[in-house]
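Protein sequences appear in the order of chains A and B.
If you count by my numbering, then the first sequence holds residues 1 to 283, one letter each, in order.
If you count by my numbering, then the second sequence holds residues 1 to 334, one letter each, in order.
Hints in this document: simulated from the structure, not taken from any laboratory.
Here the structure is a predicted model, which is why all the values come from computation and not from measurement.
There could be a bad hint or two in this list.
Stated by the list, open to error - Where chain B lies over chain A, by a calculated footprint (3+ residues, C-beta under 8 Å): (1) 56-62; (2) 251-264.
Said to hold, decoys possible - Non-contacting residues of chain B with respect to chain A, defined by C-beta distances greater than 10 Å in every case (computed): (3) L23; (4) Y61; (5) P70; (6) D81; (7) P95; (8) F168; (9) L239; (10) R251.
For each residue, glycine too, the CB sits at the ideal point set by N, CA and C.
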Amino acid sequence: MLAAGLRYARRNVSLVVGAVFLLILVLFVGLGHLFVNTSRSRPLSVPALRPPSWENPFGTDRQGRDLLAVMVAGTPLTLRIGFVAGFLGVGLGSLLGFVSAYYRGKLDTVIRGIVDIGLTVPGLLVLIIIAVSIKEGLTVDQMAIVVASLAWLNPTRTIRAQVLSLRERAYVEVARLSGMSGPAIIVKELMPNLLPYLAATLVNSVSNAILASVGLEVLGLGPIDAPTLGMTLYWVNYNAALINGWWWWWVAPIAIILIVFLGLFFLTVGLDELANPRLRSAV
Amino acid sequence: MPVDYLAKRFGVFLLIVWIAATLNFFLPRLSGQDPVRVKLLQQAQLGGYVQAGIDAMVKEYDRRFGLDQPLWVQYLAYLHDAARLDFNYSIANYPRTVNEIIAEAIPWTIGLLGATTLLSFGIGTFLGALLAWPRAPRWIRFLLPPLWALHAIPFFLFGLILMYLLAFRITVLPMFGGYSAGAFPALTLDFAADVLKHSILPAMSIVLVATGGWALTMRGMMVTTQGEDFVTFAEAKGLKSLTIFLHYCARNAILPQTTGLALALGQILSGAVLVEVIFAYPGIGTVLYHAIRENDHFLIQGIVFTVIVALGLATLILDAIYPLLDPRISYRKA
């Protein structure tokens with residue numbers, strides 16, 4: 001079992017690279033919570049604007065936060081926004097995608113129409129309107145729900161396309177002729193075959209959700225008190241840390257965001273390959 | 001029947017505009033916030049005291065902005081205004097109108113977005129075609145992993161890194177703005193050069209990220225096209241490999257790329273908005289950023305609506321000319 005897994009890992013390098021990146025993050029957050037005092041991620045808890053030292057390995061920002069503590073406390077918050085929004089999006093998206101593609105008809109036309117129109121609109125701008133409307137005291141979880149409000153569009157479309165091709169296969173036809181009900185076919189016959197594909201869609205939509213939330217946060221529409229990665233970048237921009245030469249302030253959040261995005265990206269590519277082995281010869 | 005097709009596409013465009021206007025109208029009202037009151041209170045506090053007559057003032061402003069009417073009257077009035085692209089005054093920059101502010105910013109964004117989209121589309125499509133071509137020089141292959149990785153990085157993060165390297169460490173390029181402070185916008189060569197110099201960094205951060213996406217999809221299409229029978233037939237006829245590459249493979253693979261253009265435009269725009277904020281580029285994104293910081297609801301709504309209409313138009317135009325490019329798609333079927 002293990003040997004077979006290792007052999008597959010050698011063929012699917014992207015999956016391994018993605019997993020390793022995310023493992024590094026988990027270790028950083030896990031060990032960080034053990035050894036770093038996260039209460040120092042609050043303003044005024046340490047001297048302001050210190051470059052990295054033994055005392056503050058990542059330096060401190062202008063409001064007196066220890067940046068290592070901010071990263072340890074903020075990375076899981078950013079990931080949480082991504083995962084909550086991603087799960088909600090893929091959950092709703094697969095429900096709509098399966099129903100739409102399996103039953104076809106008027107329902108399908110309506111769902112497809114909404115998705116097609118929704119996808120031509122720039123998501124970030126619509127999210128800005130939503131976030132501005134409920135701006136006062138946005139929490140991390142509310143942020144996730146705001147992002148999720150558009151996160152189902154893409155999954156609905158891609159899952160619908162997959163189900164459309166699957167539903168014509170012979171074994172689905174057999175199931176239908178043997179008197180299985182629609183929901184039963186969706187759950188027992190279609191879902192298991194799409195699991196790797198659903199996983200890839202999930203990782204992809206988590207990544208998109210994080211991108212959207214960081215974008216909103218950089219514009220100043222995030223949870224103001226939370227030390228998320230995007231809010232850290234907002235303060236970086238707000239205080240013009242770059243032209244003041246406070247490089248340590250933005251290097252840490254950017255490095256972590258890069259690891260998050262590259263990790264999720266390689267994981268999606270790896271899962272895609274797992275889901276659709278025909279890609280193997282092409283990559 | 002092209003008329004049917006165009007009419008249907010135009011209907012979809014109108015639907016998008018209507019939905020955008022409706023969301024713009026109802027979402028802020030669902031929150032139960034009162035932008036006018038908030039703004040007046042803020043200004044009163046800036047003055048150091050809260051006026052006793054603030055309620056009367058709010059009422060007066062509400063009357064002026066038509067906010068004292070029943071909701072459906074307001075909605076109809078709003079739709080009427082939106083149809084004439086009239087978005088009222090900016091709350092933060094009164095008495096400037098939202099339209100004036102947008103009109104000033106939009107050429108910058110269209111210039112930046114137009115240039116970067118064309119560049120990244122061109123370079124990416126060309127690279128993608130080469131990446132899939134077996135007879136391309138070997139070193140091209142080494143471009144794939146970096147292109148791939150770049151494509152996963154948010155535009156504005158890349159902008160920050162570029163800014164640090166090329167404008168702060170080595171000061172070869174200007175850091176902020178659309179033109180040098182003190183320069184006066186005029187149609188001179190000097191000013192044009194100045195604008196160009198200021199746009200290099202923001203443009204670079206968009207192009208480097210977006211190119212990867214185009215290259216990847218083009219490569220995928222090329223791989224599929226190369227397997228088709230007509231390519232095998234062309235090879236059997238003994239045609240030159242450059243001819244096969246250009247006229248048989250690339251010509252057919254590029255068509256789906258153009259369909260992706262409209263969808264990608266929306267994404268690139270979202271990215272460009274943030275890039276503008278990072279570089280304080282005087283386009284829509286920067287205006288939006290300041291509008292958000294100043295709670296200027298009318299300006300925010302005006303910008304979002306304008307952008308959605310502009311993108312809808314771009315999609316409509318692309319949809320209309322697409323069948324001209326690809327004879328395999330008839331107007332009726334699409």
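Hint by hint, here is what the structure shows:
no., hint, verdict
1, 56-62, "violated (count 0)"
2, 251-264, "holds (count 6)"
3, L23, "violated (6 Å)"
4, Y61, "holds (20 Å)"
5, P70, "holds (21 Å)"
6, D81, "holds (17 Å)"
7, P95, "holds (23 Å)"
8, F168, "violated (6 Å)"
9, L239, "holds (24 Å)"
10, R251, "holds (21 Å)"
Of the numbered hints stated above, those contradicted by the structure are hints 1, 3, 8, listed in ascending order.
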